[in-house]
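Assemble the whole structure, with the sequences as input and the hints as a guide.
Protein chains in written order, with this note's numbering: chain Y, 1 to 331; chain L, 1 to 563; chain S, 1 to 357.
In short, the hints are calculated from the structure, not lab data. Backbone N, C-alpha and C fix where the C-beta goes; we use that ideal spot for every residue, glycine too. Any given hint could turn out to be false.
What the hints assert, rightly or not - Here are the simulated lysine-lysine pairs, DSSO-like style, with alpha carbons at most 30 Å apart:
#  : chain 1 : residue 1 : chain 2 : residue 2
1  : L       : 73        : L       : 131
2  : L       : 128       : L       : 87
3  : L       : 87        : Y       : 119
4  : S       : 266       : Y       : 282
5  : Y       : 175       : Y       : 282
6  : S       : 266       : Y       : 153
7  : L       : 73        : L       : 137
8  : L       : 87        : L       : 30
9  : L       : 246       : L       : 30
10 : L       : 128       : L       : 73
11 : L       : 87        : L       : 131
12 : L       : 86        : L       : 30
13 : L       : 128       : L       : 86
14 : Y       : 119       : L       : 86
15 : Y       : 247       : L       : 128
16 : Y       : 86        : Y       : 175
17 : L       : 87        : L       : 137
18 : L       : 131       : L       : 86
19 : Y       : 247       : L       : 131
20 : L       : 246       : L       : 258
21 : Y       : 86        : S       : 266
22 : L       : 137       : Y       : 247
23 : Y       : 282       : Y       : 86
24 : S       : 196       : L       : 348
25 : L       : 86        : Y       : 247
26 : Y       : 119       : Y       : 247
27 : Y       : 247       : L       : 87
28 : Y       : 247       : L       : 132
29 : L       : 258       : L       : 30
30 : L       : 86        : L       : 137
Claimed, not checked - Over 12 Å on every C-beta distance to chain L, these chain Y residues come out as not near it, computed from the model:
#  : residue
31 : 18
32 : 19
33 : 66
34 : 121
Claimed, not checked - What follows is a list of derived Cβ distance ranges for each label pair:
#  : chain 1 : residue 1 : chain 2 : residue 2 : range
35 : S       : 61        : Y       : 40        : 36 to 44 Å
36 : Y       : 241       : L       : 211       : 28 to 36 Å
37 : L       : 74        : Y       : 120       : 40 to 48 Å
38 : L       : 86        : Y       : 321       : 31 to 39 Å
39 : L       : 80        : Y       : 241       : 17 to 25 Å
40 : L       : 2         : S       : 21        : 56 to 64 Å
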Amino acid sequence: MRALLIIPTVFILVTLVFVLMRSTGDPITAALGGQLPPDQLAERIHAAGFDRPILVQYFEYLGQIFTGNFGTTITDNRPVTDILVKYGSATLELAFYALLVAFVVGIPLGLVAAYFRDKGQDAALRIFAILCYATPVFFAGLLLKLIFSVWLKVLPVAGRASTSAQLQMEVLPNKTGLYTIDAIMTGNPAVLGDVLAHAVLPAIALGLLTAGVFLRLVRTNVIGTLATDYVDAARSRGVSEYRLVQKHAYRPALIPIITVIGLQIALLLGGAVLTETTFEWKGLGFMLAEYLQARDFVAVQGIVALLAVIVALTNFIVDIIAALIDPRVRY
Amino acid sequence: MSTVVSIEGLGVSFATDAGPVKAVDGVSLKVERGEVLAIVGESGSGKTVTAKTILGLLPETATASGAVVLSNKAGTAERDVITLSKKQLRAVRGTDVAMVFQEPSSALNPVYTVGWQIIEGIRAHNDKLSKKEARAKAVEILGRVGIPDPEHRIDHYPHQFSGGQKQRIVIAMALVLDPGLIVADEPTTALDVTVQAEILDLLRRCRDEFGMGIVLITHNMGVVADLADRVAVMYQGQVVEEADAKTLFASPQAEYTKALLAAVPYVGTGTASAIERAEQRPAGWAEQAPVVEASGLEIVYPGRFGRPGFRAVDGVDFVIRPGEVLGLVGESGSGKTTIGRAIAGLTKVTGGSLRVLGHEMNGLREREFRPLRSRIGFVFQDPASSFNPLLTIAECVAEPLVIHGRAANPREARARVDELLEAVQLPRAYGDRYPHELSGGQRQRASLARALALEPELLIADEPTSALDVSVQARVLELFAELQREFGFASLFISHDLAVVDILADRIAVLYRGSLVEEGTGAEVLGAPSDPYTQRLLASLPVPDPVAQAARREELRRLREAV
Amino acid sequence: MSTDIVTRAPKRRLRDRLPVVHQLRQSVGLQRGMLIAGLVLTGLFILTAVFAPLIAPFGFAQLRDAEGPFGSQQAPSAEHLFGTTVGGYDVLSRVLWGAQTALFVIVIAVILSIFAGVLLGLVSGYFGGWLDRVLVVVCDAIYAFPSLLLAIVMSIVISGGQSNLWGGVFAAAISITVVFIPQYFRVIRAETVRIKAEAYVESAKVLGASSGRVMFRHVLRNATRTLPLIFTLNSSEAILTLAGLGFLGFGIEPTAAAEWGYDLNKALSDVSSGIWWTALYPGLAIVLVVLGITLVGESLNDLADPRLRGRRRVAQASGVVAETSVVPGGTLSAGPGGLSGLEDGESFDEHGIGVRS
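Next up, the structure:
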């Protein structure tokens with residue numbers, strides 16, 4: 001029951017973040033040290049309770065997280081969960097589009113590479129895959145921006161939507177924060193077009209990173225399963241080579257792939273911080289970078305802990321999906 | 001009769017890291033309808049490569065020459081497999097020729113139901129057939145190969161069947177399109193003897209009821225005697241002898257065939273020497289303290305996450321006295337290896353009592369046991385992994401001497417190592433080689449040398465010859481008997497093969513699902529077995545003599561009906 | 001038949017035993033091309049890093065020469081081949097010096113994580129028990145966590161975010177190390193658990209060898225065979241993480257050392273106004289270095305796996321028939337399967353996925 005590990009995993013990550021972040025000292029000094037006179041600083045430290053024994057603070061922090069409270073930022077004094085509500089949807093949307101790009105590009109090309117193994121097509125695809133993950137997302141983002149926004153001027157430079165589109169969505173009675181859905185709800189195709197145009201470059205920049213990983217993974221696993229006896233056995237029954245790759249090798253290969261996809265969520269979130277910064281895509285990653293610049297470590301600690309919980313949850317779900325696909329594992 | 005396949009002047013070469021290797025060299029063979037041709041040979045003889053060529057299943061690193069002319073079942077069309085395009089090959093596979101693989105659990109795709117896989121084969125050749133008709137056909141064929149309740153079982157996944165059933169399903173897949181020829185590559189090697197007998201019966205029915213030609217690839221002379229009509233013996237890529245089965249076993253012509261037949265262990269050969277040894281024992285020998293004494297021995301592997309554990313050994317009693325060889329026989333899952341490991345302190349005893357060299361193993365700590373280890377030797381099953389690949393043979397053999405302080409370092413122990421290598425009939429120079437530079441048989445000899453380095457009182461041999469070819473096995477067994485006479489150690493000899501155990505053992509114990517069902521001297525257990533399981537095990541073991549085997553088959557049928 | 005043939009076993013020549021060199025000789029066709037391309041790029045990177053002070057036309061923090069200040073955001077010209085940055089630095093010089101910083105970080109990060117990860121993995125995998133279980137859960141948790149975020153948190157802890165050359169290099173290297181330890185741990189532990197079940201380890205235990213002897217003489221050397229592979233893959237990840245840190249402003253001050261990620265961060269606003277040279281060159285440097293190291297790593301990986309390794313095709317009827325049971329390298333003695341053992345490699349582990357649970 002690997003899935004049960006989610007509880008210790010969350011606990012370990014949350015603890016790790018707390019221990020690391022607090023080993024530097026109290027967050028108030030880090031954020032406001034030098035800006036306030038020492039007596040005011042001490043007052044604020046006392047008010048926030050950062051002068052109490054560290055263990056007391058730790059248990060209080062655990063208790064807060066248990067009730068869904070990830071703390072309050074120092075610089076602008078808002079609950080971290082508020083940031084999640086306001087900016088989480090943007091990150092979710094970006095991650096969704098990026099995964100879409102990764103699936104659409106990575107998996108079919110991986111199958112193609114496995115099918116043409118050691119031939120020219122395979123070599124070209126493998127170089128492409130390596131280039132995908134050798135290119136830092138922010139550099140890919142900068143290049144895409146330079147080519148499509150600055151030189152060709154076909155796509156917007158940054159942001160999630162133009163001001164006019166944003167205004168139209170802002171007045172919606174029950175807006176979701178997911179711009180794609182909001183744009184559809186406005187019923188105005190121009191708004192939807194605008195929102196999608198803004199999403200193209202960030203989704204490609206972030207998606208290609210993961211696409212490279214998927215491509216390589218699908219290729220290796222399919223080649224591995226193609227060497228098994230049961231593929232030879234199916235071949236001996238006259239099953240076509242195309243079908244061997246498509247059915248016999250692909251599905252058994254999919255099980256390890258799905259497990260790795262779970263781990264890719266982590267890579268994707270890390271990449272999202274960089275992509276959002278590059279494209280001024282106002283999501284969790286963008287805010288995290290902002291708070292990092294401001295040295296607001298309570299906000300950083302809160303957001304990182306929150307992301308840890310999200311990662312653990314996604315892995316939990318992915319494990320369950322992998323188990324459902326494999327007929328040999330039945331809970 | 002009509003010819004289903006005719007191989008003419010076949011040659012196959014492989015590209016390897018060490019340069020090109022020729023696996024098959026000028027092989028010509030013919031198979032008629034309704035005939036079983038056995039291709040026999042040891043590893044590296046090229047028999048599997050020959051078989052795979054018939055289906056055009058060679059890997060891309062192989063190149064073939066010559067001709068493999070395949071006819072369809074009706075005898076109306078002929079095609080040379082070697083010259084066929086990929087598409088034409090696909091049309092031939094399954095309809096004209098089908099294959100049965102060695103390892104049934106890896107020949108079935110684990111993530112699809114068996115029905116899906118059978119139907120896929122049907123529809124690959126006949127896309128006009130509706131799904132329903134194909135399914136009906138699949139159910140029918142499953143029923144014919146002896147899968148009970150096929151309408152229901154067709155939707156099960158491979159892991160829900162036993163090993164024998166899986167092999168039946170693999171055979172069903174081969175039969176479903178009614179090809180003229182089946183190529184069976186070691187179809188029973190991965191199975192237990194009792195299951196093997198059933199699969200051989202099924203293959204016999206394929207020949208008789210479906211009128212198929214069968215190419216049977218095997219290294220087991222007993223299997224050949226049981227099933228084959230004609231036999232081709234392969235050695236180093238060439239056919240050295242071809243004859244009908246009775247003639248080949250009665251009067252082999254080629255030297256290699258004679259040597260091969262002489263090397264096959266035969267039940268009953270060891271009985272005389274065991275009696276002789278028993279007579280030479282001094283008076284009062286039986287009253288000596290036993291080297292190993294088990295009473296009510298229980299070994300349970302812990303279950304995971306609170307599930308009940310697996311009871312591998314369940315209340316076993318036996319003794320091994322000084323200088324005596326106890327043969328422990330059983331099929332897979334019988335617990336025989338577990339007992340061997342428990343005596344060597346590799347597996348924990350969970351119940352009952354196991355006394356080794358006067359120490360109780362139940363609850364013993366590793367630290368107290370370590371000094372005892374110099375008095376116990378162990379030979380492992382797999383010669384490929386029993387040596388550290390980064391150390392030379394001499395360093396490996398010197399290991400026990402260094403550990404127990406008889407030598408400061410491997411170099412100092414070299415004189416003793418050379419003696420040991422000579423004792424196991426390996427040239428001294430082999431000490432400087434790395435394990436992968438030795439053959440399986442040579443590694444097993446070195447393994448014996450290492451186990452005997454400290455002249456132990458007890459030697460545990462866990463299937464030491466089951467990974468070896470027959471001729472190599474024969475000589476390792478001979479060596480074992482010789483060393484046992486010379487060093488006089490007591491031994492637990494574990495094997496799945498009654499005939500092998502019979503050669504060496506003073507007494508034989510038969511294990512079945514963790515319990516000891518029968519124990520006694522070779523004459524008692526093999527001559528007049530009293531337990532029904534032992535009887536079945538003995539009758540299932542095919543003997544390398546077609547005439548005698550036919551009689552045994554009858555005996556087995558009678559035993560099965562009696563159950 | 002076989003045992004009585006006494007021939008000197010061919011000693012493997014030194015050039016066949018050296019890592020990489022051996023693989024280079026073993027490879028064919030496209031695989032060889034990829035390996036060579038990777039080696040060339042990696043070699044260039046290391047040479048650039050070592051000789052940066054000689055090759056670079058200016059210092060990494062140099063703003064002016066005898067003819068006065070370089071000027072800000074100057075387009076590429078004869079004096080400044082790659083142009084100048086918004087801060088007025090010479091782009092070419094900073095790209096070349098950046099190689100040095102990257103190499104420092106890779107070397108320190110990889111050495112630290114190898115020591116910590118290998119030791120933990122070995123001990124944990126060999127002894128098992130509760131310590132093993134706890135370490136596995138902890139490492140799995142860290143492994144699943146976005147590595148960049150962890151590196152950010154670590155660099156805050158170590159340096160508060162900003163520092164000089166060595167402080168910055170160590171902060172980045174240690175942050176990356178913490179991210180990598182779980183990876184080494186997982187690989188070495190998995191290998192140790194596998195090797196622990198091999199007959200030669202059991203055999204040493206049966207002989208009464210102490211745990212330390214078994215671990216270091218038998219397990220360690222066999223478990224670390226995959227290290228060159230992880231080493232290369234992690235080196236490339238180290239560069240990416242370093243650049244990511246720099247891009248988010250957790251890198252090294254421009255006056256302390258040149259760092260590609262930092263330069264890209266500063267180039268962010270240039271791009272919108274069409275200034276391409278400040279972003280392109282540091283970015284290309286990252287891509288080429290990571291590409292080179294990854295090509296080496298992937299090629300090594302493929303060559304180590306018989307299923308993925310390509311071989312030359314042979315002409316018909318070439319080669320000698322293998323002597324039964326005795327074949328150089330022992331590859332042919334694959335049991336009753338005969339020659340199939342030659343090509344099939346390891347079979348797919350169909351019980352690999354928790355059949356027992």
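Here is what the structure says about each hint:
no., hint, in the structure
1, L:73 - L:131, "25 Å, holds"
2, L:128 - L:87, "19 Å, holds"
3, L:87 - Y:119, "20 Å, holds"
4, S:266 - Y:282, "20 Å, holds"
5, Y:175 - Y:282, "17 Å, holds"
6, S:266 - Y:153, "22 Å, holds"
7, L:73 - L:137, "19 Å, holds"
8, L:87 - L:30, "25 Å, holds"
9, L:246 - L:30, "18 Å, holds"
10, L:128 - L:73, "21 Å, holds"
11, L:87 - L:131, "23 Å, holds"
12, L:86 - L:30, "24 Å, holds"
13, L:128 - L:86, "22 Å, holds"
14, Y:119 - L:86, "17 Å, holds"
15, Y:247 - L:128, "20 Å, holds"
16, Y:86 - Y:175, "11 Å, holds"
17, L:87 - L:137, "25 Å, holds"
18, L:131 - L:86, "26 Å, holds"
19, Y:247 - L:131, "17 Å, holds"
20, L:246 - L:258, "14 Å, holds"
21, Y:86 - S:266, "28 Å, holds"
22, L:137 - Y:247, "22 Å, holds"
23, Y:282 - Y:86, "9 Å, holds"
24, S:196 - L:348, "17 Å, holds"
25, L:86 - Y:247, "19 Å, holds"
26, Y:119 - Y:247, "22 Å, holds"
27, Y:247 - L:87, "18 Å, holds"
28, Y:247 - L:132, "21 Å, holds"
29, L:258 - L:30, "23 Å, holds"
30, L:86 - L:137, "27 Å, holds"
31, 18, "30 Å, holds"
32, 19, "30 Å, holds"
33, 66, "26 Å, holds"
34, 121, "16 Å, holds"
35, S:61 - Y:40: 36 to 44 Å, "37 Å, holds"
36, Y:241 - L:211: 28 to 36 Å, "31 Å, holds"
37, L:74 - Y:120: 40 to 48 Å, "43 Å, holds"
38, L:86 - Y:321: 31 to 39 Å, "36 Å, holds"
39, L:80 - Y:241: 17 to 25 Å, "21 Å, holds"
40, L:2 - S:21: 56 to 64 Å, "58 Å, holds"
Hint compliance for this structure: every hint is met.
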